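Trainee: As a plain string of letters, each chain reads:
Protein chains: 2
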Amino acid sequence: MSGELDTTMTATMAALGARGRAAARRLSKSTPAQRTAALLRMADALEADTPAILAANALDLAAADERGITGALRDRLALTPARVAAMAAGLREVAAWPDPVGRVVERRNLANGLKVSRVRIPLGVIGIVYEARPNVTADAAGLCVRSGNAVFLRGGSEAEHANAAILGVLRGALEAEGLPPDALMTLPSTDRAWLLPMLHAEEFIDVIIPRGGEGLIRFVTANSRIPVIKHYKGVCHVFVDAAADAEKAQAIVLNAKAQRPGVCNAAETLLVHADAAERLLPMLAEALRAAGVELRGCPETVRLVGATPATEEDWFAEYLDLILAVRVVPDLDAAIAHIERYGSDHTEAIVSEDPAAIRRFLDEVQSAVVVANASTRFADGGQLGLGAEIGISTTRLHAYGPMGADDLTTLKYVIEGEGQVRT
Amino acid sequence: MSGELDTTMTATMAALGARGRAAARRLSKSTPAQRTAALLRMADALEADTPAILAANALDLAAADERGITGALRDRLALTPARVAAMAAGLREVAAWPDPVGRVVERRNLANGLKVSRVRIPLGVIGIVYEARPNVTADAAGLCVRSGNAVFLRGGSEAEHANAAILGVLRGALEAEGLPPDALMTLPSTDRAWLLPMLHAEEFIDVIIPRGGEGLIRFVTANSRIPVIKHYKGVCHVFVDAAADAEKAQAIVLNAKAQRPGVCNAAETLLVHADAAERLLPMLAEALRAAGVELRGCPETVRLVGATPATEEDWFAEYLDLILAVRVVPDLDAAIAHIERYGSDHTEAIVSEDPAAIRRFLDEVQSAVVVANASTRFADGGQLGLGAEIGISTTRLHAYGPMGADDLTTLKYVIEGEGQVRT
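Chains as they are written, first to last, in this note's numbering: chain A, 1 to 423; chain B, 1001 to 1423.
Keep in mind that the hints were calculated from the coordinates and are not lab data.
Don't take every hint at face value.
Stated by the list, open to error - Under the rule of at most 27 Å between Cα atoms (straight-line distance), these lysine-lysine pairs were calculated in the DSS-like manner: (1) Lys115(A) - Lys1233(B); (2) Lys1115(B) - Lys1233(B); (3) Lys115(A) - Lys1115(B); (4) Lys233(A) - Lys115(A); (5) Lys233(A) - Lys1115(B); (6) Lys1115(B) - Lys248(A); (7) Lys233(A) - Lys1248(B).
Stated by the list, open to error - Across the chosen pairs, the derived CB separations fall in these ranges: (8) Ala1063(B) - Asp6(A): 29 to 35 Å; (9) Ala86(A) - Glu1340(B): 56 to 62 Å; (10) Leu110(A) - Thr1008(B): 50 to 56 Å.
Predicted, not measured: the structure shown is a model, and the values here were computed from it.
Think of the CB as a built atom: it goes at the ideal place given N, C-alpha and C, for glycine as much as any other residue.
Construct the entire structure; sequences and hints are all you get.
Mentor: So this is what it looks like as structure tokens:
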């Protein structure tokens, strides 16, 4: 894929961009009650149009079958009445979330009599680039409408029919509530060639949020002229400290790895303090293996419990599967250094009964979410009370960690005076 | 300037980047007291080394004279003992600012017993790209040290000797306090060719803040793989509403335009409601002309008070000078539409005694700072109580408007449990 731009595509993108920008302006002037009504209508419309959405999805599944797509990938693509109902339920949850637009988050009176406040406003136009899962279309649309933003939804070609059907339903619902359907936009085609004009449309799109595999994220980062909030992989660690409680360690390691291995907040690497390795590693290994987890270990792990010898790549790996890299480390410093070197700034947990070790781990590890004595699986917008989430940012700028509707806004300063001037 | 990368330069940049990254890690683990001590020592060192800094500046001034640089540009380049003392005073002010690193901004207990908090942490490594003014070196260094960030300071070639001298002094002061001097980095040369390797060093730099002219900002935005927070031009507007008080209108318009015309929060365009034009425009024009301001007007302005006829370019212009574009608009909607079309998202003010008009203007104008009945010149970190500022962001992402030390941090989630797992 080259970095060159086709001028016809650029012109088409500009025309679409102008429509999105105009819709964002109208949407930002709508009331919270209007946006709530639109979200509820979007949910109803999805349920009412379930047959059409499933019919479109059948075309995607037929194409996937032709291409020989099977297993987890095909499963993520497939819609059922229950999955459409889940999208509708997600939209109703977002409808119940307090609307952030216009919320005053700070208010001060200056000595010169000026009243200064900071007020939440929409970011403007969001660009979301994602892969196979069609539910992202409904989830992202809901969060953007809640926060007063227009959005370009660029889903993967695998789900193009389902995405188009869902988008059509949602646009119709917006229009029926008197809100601009162009608040929900897409590109003329799912062809990857259209990504570049989108990523260069800095006049029309204010932030790009890519969700997907390493190749997609790299391409977006390398080519975007628009600021990017990456939702990158989760190479999450659990560190079992010397002072770890055996029962907590076992429950947390098992839950972090095996409760739902295919998600980004599942653990991928277990670090064990050398002073606890003989006491805890055999028990942990036995429990993990009983849950079907394959271990890939450092030499000390291999010596203590047997395991496939880990290679350098294993420390970087996001398996998203029942595989766990295991390393015995000499101390807390070595655990933190390992996380700094191999981690992805997502979520890391310590299991320990030593308050000093906990304090140091929570202070010094600079990932988006740091956890003491609980599972990494709590790094989730729903679990943390943010409402629905657009994803988990591993970019420090603007939002770090789970991002909800509030994170799709920014703050403007409002200054109210009675004729004050500067001297 | 081409978009191609030299591999030797990329390797050099990677080596520098790794040093900056390591220093950022050390700095983030230092205490607020250490950072305060370092800032005070940086201030003392600047004053103590004033003769060396002025000698370096003399080389820059001689080069400027050879190139025939005069007027405001030469003035911004020139240092004096008082200007060095002002830099030191700025560092002492930053030293007195509450250190943001480690500050808990939110704390909640979840129903499952988890304690969740959000804690400020440094962004990591900042890249600042700026032009002639050498005081930016000290100001930016101070704000980055206060917020626990390492920084790459890439100043313009015009000030290269002064910038190098200031940087050397500040690095020495950091080292003397036991903090890593590599927290303050620069590029091997001020040659513009070095910008590209810097803008591609996404592994080592977390955010780029460009401060400067349109050409610089465009180049940075077009070429950066690192998120950019733009500090773009200020095409600020004052709207004099139908219900404006005459005295306030005159004081505010004069102050916004003429008190310091060379800065980004000075007004560049005056919009006057048609119903107030005959009553107020003659008086405003007289006062502005008495202050030496040239008017460029729409046809109605020309008819009412005489003026150079304004062209389309005048509505986009950031004069930074005693020139003001003036337009009579039919109503509030037209004023808002003009600002949306021609503005730069910086600062806009309304003068009115009508609460409904004020409310609509403050709600609907989505610039970083919106003002009612006060001068646009209050859009300033110092005036708004943020302490020193790194500039005024016109990018909605992360920070919008005046940015202080707190805006150079992000929030991480800290979750504390007693063995909780997800079910």
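Trainee: Quick one: which hint numbers does this structure break? Sort them smallest to largest.
Mentor: Numbers 2, 3, 4, 7, 8 and 9, in rising order.
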